[in-house]
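Two independent chains are provided; combine them into the complex using the hints.
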Amino acid sequence: GAVVSQHPSWVICKSGTSVKIECRSLDFQATTMFWYRQFPKQSLMLMATSNEGSKATYEQGVEKDKFLINHASLTLSTLTVTSAHPEDSSFYICSARVAVLGETQYFGPGTRLLVL
Amino acid sequence: AQKITQTQPGMFVQEKEAVTLDCTYDTSDPSYGLFWYKQPSSGEMIFLIYQGSYDQQNATEGRYSLNFQKARKSANLVISASQLGDSAMYFCAMREGSKAAGNKLTFGGGTRVLVKP
Numbered sequence: 001g002a003v004v005s006q007h008p009s010w011v012i013c014k015s016g017t018s019v020k021i022e023c024r025s026l027d028f029q030a031t032t033m034f035w036y037r038q039f040p041k042q043s044l045m046l047m048a049t050s051n052e053g054s055k056a057t058y059e060q061g062v063e064k065d066k067f068l069i070n071h072a073s074l075t076l077s078t079l080t081v082t083s084a085h086p087e088d089s090s091f092y093i094c095s096a097r098v099a100v101l102g103e104t105q106y107f108g109p110g111t112r113l114l115v116l
Numbered sequence: 001a002q003k004i005t006q007t008q009p010g011m012f013v014q015e016k017e018a019v020t021l022d023c024t025y026d027t028s029d030p031s032y033g034l035f036w037y038k039q040p041s042s043g044e045m046i047f048l049i050y051q052g053s054y055d056q057q058n059a060t061e062g063r064y065s066l067n068f069q070k071a072r073k074s075a076n077l078v079i080s081a082s083q084l085g086d087s088a089m090y091f092c093a094m095r096e097g098s099k100a101a102g103n104k105l106t107f108g109g110g111t112r113v114l115v116k117p
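Going line by line, the protein sequences match chains A and B.
Take 1 as the starting number for the first sequence in this note's numbering and just add one per residue.
Take 1 as the starting number for the second sequence in this note's numbering and just add one per residue.
The shape of chain B in the complex, shown without the other chains (with noise of 0.2 Å):
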């Protein structure tokens, strides 16, 4: 079964309007960590945001923030006011924390988006 979950292959929106990038994830592991990172088509992986499984409250940075919904397993990634510069791939990945797991990062496939001028 995919751990990491991105079911929106690609999507538009319209500049300076909000965008929900989608993520759901499996884990039976109590303490992991969710993160979005973006990939410009330079191919870099840019940091955006990170949610641990224990934080009470959802992580916010600049005009992202992380719709953490713990019960449903979903770790929405929502761009305020989308920006040109924001056309690029995203994706979700998860850290499972258990000792086995290594600490690895398990991507899910992506989702690009295209911000229309």
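For reference, chain A alone in the conformation it holds in the complex (with noise of 0.2 Å):
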């Protein structure tokens, strides 16, 4: 399978500070990246759809100024949390896609996120 990272795997902050979360495709250029909110003992919540080159998708109810991915290559995408506040704790998680290796998304390790 694909491999793909995530950095930082933890991370505190202050609240009202910004926390930017890199996303990367090891060995494979992904088409599209997606990141995904998941809060304790709940399911994965799609936040956006990032596709390289261009602006990212945002899913209902997700503000896009709050939460700013940049998809600058096929190979890095980065979700900013920006002014975070205690409610934006959660886990964060990102996939990657490449058509040619099927239709799976292949998973980052998350990143935990606590606001202060």
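Simulated from the structure, these hints should not be mistaken for lab results.
Below, in silico cross-link-like pairs of lysine to aspartate or glutamate (EDC-like), each with a Cα-Cα straight-line distance of 16 Å or less:
1. A/Lys14 to A/Asp88
2. A/Lys55 to A/Asp65
3. B/Lys70 to B/Asp55
4. A/Lys41 to B/Glu44
5. B/Lys104 to A/Glu59
6. B/Lys116 to B/Glu17
7. B/Lys70 to B/Asp26
8. B/Lys73 to B/Asp22
9. B/Lys104 to A/Glu103
Quick look at the structure:
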């Protein structure tokens, strides 16, 4: 399977600061990357779909000005949580898909964000 | 309406026995894909198995098999010969094939499996 990395794996920040999370496809070029959020004991909820070189498509209810997504290259997508607040504390996980590898999305290890 | 339903929030299974995790789905799209992922306590999502809507045979991957019943819209995961390392959360997910769906995955609520020694 394909390898997707995420950095950082853990981040603790003060309320009001911005946090950037990186998602990289290590051994393939991902035409599409996805960002999910998972609250404790809940399922994954898609936040946005990110295509290289174009603007991200956000799901209903997700504030695009708060969760900035940049997909600058075929191997890197970043999620920036701007002016983070305690309610943004969650597990953020990205996935990547490339058509030649079939329909499967390969997930990164996730980033746990705690906003104090 | 829920697109993916996993009715078992949690279950115990004895080591070395088989376990079936239920998943039903709802779509009007003739082209779709069904996935199962495993999420251990570390949080990573591990891809287990995939079934396409047009696949004639049920998918199998090692100890994992997918019992695909298209008419019933169910895609149950069977784990044979359970191991202690199988203890985790298991998610069923669906990708609808329409352009509007945009290759997004919709996840079920998950089933927590605990394997007993």
